[in-house]
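J.: Input sequences plus hints: build the corresponding full structure.
The primary structure of each chain is shown beneath.
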Amino acid sequence: MAWQWFHRLGSPKWFYEKTTPWMPWLAFFSLLIIVGGSIVALGFAPTTVEQGNSYRIIYIHVPASIVAMAAYYVMALAGAVGLIWKMKLANVVMKVAAPIGAILTALALFTGAVWGKPTWGTYWVWDARLTSVLILFFLYLGVVALQGAFQDREMADKSSAILCLVGMVNIPIIYKSVDWWFTLHQPASLKFTSASTINSDLMVYLLLTMIAGFYLFFAWSLLAATRAEILARESKTQWVRALLHKPAEPTA
Amino acid sequence: MTDVSPQNLSLRHSLWAMFKRDMALVVRHRGELANPLVFFLLVLTMVPLGISPDPTVLSTLAPGMLWVVALLATLLSLDGLFRQDFDDGSLEQMVISPQPLYAMVVVKIIVHWLSTGLPLTLLTPLLGVMLALPSEGYLPLLLSLLLGTGSLSLIGAIGSALTVSLRKGGLLLSLIVMPLYVPVLIFGASSVKAAIEGFPYNAQLAVLGAMLAIAIILAPFAIAGALRISVNN
Chain B
1 MAWQWFHRLG SPKWFYEKTT PWMPWLAFFS LLIIVGGSIV ALGFAPTTVE QGNSYRIIYI
61 HVPASIVAMA AYYVMALAGA VGLIWKMKLA NVVMKVAAPI GAILTALALF TGAVWGKPTW
121 GTYWVWDARL TSVLILFFLY LGVVALQGAF QDREMADKSS AILCLVGMVN IPIIYKSVDW
181 WFTLHQPASL KFTSASTINS DLMVYLLLTM IAGFYLFFAW SLLAATRAEI LARESKTQWV
241 RALLHKPAEP TA
Chain Z
1 MTDVSPQNLS LRHSLWAMFK RDMALVVRHR GELANPLVFF LLVLTMVPLG ISPDPTVLST
61 LAPGMLWVVA LLATLLSLDG LFRQDFDDGS LEQMVISPQP LYAMVVVKII VHWLSTGLPL
121 TLLTPLLGVM LALPSEGYLP LLLSLLLGTG SLSLIGAIGS ALTVSLRKGG LLLSLIVMPL
181 YVPVLIFGAS SVKAAIEGFP YNAQLAVLGA MLAIAIILAP FAIAGALRIS VNN
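Chains B and Z, in that order, give the protein sequences. Take 1 as the starting number for the first sequence in this note's numbering and just add one per residue. Take 1 as the starting number for the second sequence in this note's numbering and just add one per residue.
These aren't lab readings, by the way, just hints derived from the structure by calculation. Where is the CB? At the ideal position from N, CA and C, for every residue including glycine. Hints are not guaranteed to be accurate.
As a list, the in silico SDA-like pairs of lysine to any residue whose alpha-carbon atoms are at most 25 angstroms apart [unchecked claim]:
(1) B:176 x Z:198
(2) B:176 x Z:185
(3) B:176 x Z:168
(4) Z:168 x B:13
(5) B:176 x Z:10
(6) Z:168 x B:138
(7) Z:20 x Z:106
(8) B:176 x Z:214
(9) B:176 x Z:146
(10) B:13 x B:81
(11) B:176 x Z:100
(12) B:88 x Z:224
(13) B:18 x B:36
(14) Z:168 x B:156
(15) Z:168 x B:165
(16) B:176 x Z:20
(17) B:18 x B:77
(18) Z:168 x B:141
(19) B:176 x Z:143
(20) B:18 x B:227
(21) B:86 x Z:100
(22) B:88 x B:155
(23) B:88 x B:207
(24) B:176 x Z:221
The following label-pair restraints were derived from C-beta to C-beta distances [to be verified]:
(25) B:120 x Z:199: 42 to 52 angstroms
(26) B:183 x Z:52: 43 to 53 angstroms
(27) B:13 x Z:221: 26 to 36 angstroms
(28) B:148 x Z:95: 51 to 61 angstroms
T.: If you want it as structure tokens, here you go:
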């Protein structure tokens, strides 16, 4: 049946066992791409006329921002699936996606600030994109805080799922309004020059490679956190006990 | 009305009864009604003390300041929106009653708006005088607050419903609701600024109205869902 995999996802045990062989591969490839890409980006990519070497942070900044935003969609989608089909696994994914997304957003903000100093002469400007990402960061923090506030796990899951969905509806509105606010209030002295500085094929491919690497890294950390959370939640079940008390094999 | 047992109560009658009950509660707790207003007044008193009493400085700050503080005052009032009903069990009765929770939530928010959003809106011209708001700003300030506080009540009620079962929900409530307030704040404050600078402000008011329309349709679903979760533990 075409939908069998979907029903099987309802079983954390099935998911855990299925993903075990993936983990080393995901770890290997994501680290290979990120480390290898960083070496090429820092050592061999051509410099730009306008920004010299300082632009190289783009290879961290842009992938982190893109994946930070994608993580919210993953989280909200998982929340919706958890609410609608009452799927345990989806709730786990939603819960662990929030801190990962928050950290990626913080990384995007930090690299943006570091990049801003040589380019704009200041660490922070109230640029539309910076402001939107900052608000995205607050949305993540809200979900993390709400998750942590409840004693009861089911209530925590359902409440944060609702918050994720409300945030999902709001994100386009927030982005549009921040854009509009920026065009209305910001003096035109600051310009995003990065878009025009991508002038060689190597830079484009390198950037795409780094984005792919960050996606893989996100998938890896999401799966690892999901697996850890599954073990914590299912710690009373037979299969987890059998897994953890197996004498010969090292624990996952 | 021959039979008024709960099963035969029409939706209109039950909602009207609920409206009257909630309004009576508001009137009998006048202190709670005044608290957000006093907070509003106090914070705005701090602005000249902390920044500058110079009217030229104040008049540039006024549109944004009035909007930000109105937002904070609304936020402050949200924690009590469902708290009392949750504590005494009437929220549970609403959830299990045959009437749709969606409609009851709308009634509760209308009462909340009448007791916080509307008084805040009516108080702002006075505070505008204190902050040396230019005279072109008063009408857009009133209109934008009239439309915007409705959205604030609706969006805030989602956070209130999510945190009502938590004993210390107040701070968490602010944390989860404030990012969602960003669009309302942007368009509210900019309508006043545009009017002061001599530009038309219809567009901002139209967007605020659109936000209110979307919020009226969608927010009660989220609120009703959140209330069911909060009550069912």
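J.: Each hint should be assessed against the structure and marked as holding or not.
T.: Status of the hints after comparison with the structure:
no.	hint	result
1	B:176 x Z:198	holds, 24 angstroms
2	B:176 x Z:185	holds, 13 angstroms
3	B:176 x Z:168	violated, 33 angstroms
4	Z:168 x B:13	violated, 36 angstroms
5	B:176 x Z:10	violated, 42 angstroms
6	Z:168 x B:138	holds, 20 angstroms
7	Z:20 x Z:106	holds, 14 angstroms
8	B:176 x Z:214	holds, 15 angstroms
9	B:176 x Z:146	holds, 22 angstroms
10	B:13 x B:81	holds, 18 angstroms
11	B:176 x Z:100	violated, 34 angstroms
12	B:88 x Z:224	holds, 22 angstroms
13	B:18 x B:36	violated, 29 angstroms
14	Z:168 x B:156	holds, 15 angstroms
15	Z:168 x B:165	holds, 23 angstroms
16	B:176 x Z:20	violated, 39 angstroms
17	B:18 x B:77	holds, 21 angstroms
18	Z:168 x B:141	holds, 17 angstroms
19	B:176 x Z:143	holds, 22 angstroms
20	B:18 x B:227	holds, 11 angstroms
21	B:86 x Z:100	holds, 23 angstroms
22	B:88 x B:155	holds, 13 angstroms
23	B:88 x B:207	violated, 36 angstroms
24	B:176 x Z:221	holds, 24 angstroms
25	B:120 x Z:199: 42 to 52 angstroms	violated, 28 angstroms
26	B:183 x Z:52: 43 to 53 angstroms	violated, 29 angstroms
27	B:13 x Z:221: 26 to 36 angstroms	holds, 34 angstroms
28	B:148 x Z:95: 51 to 61 angstroms	violated, 25 angstroms
Violated hints, in rising order: 3, 4, 5, 11, 13, 16, 23, 25, 26 and 28; the structure is consistent with all others.
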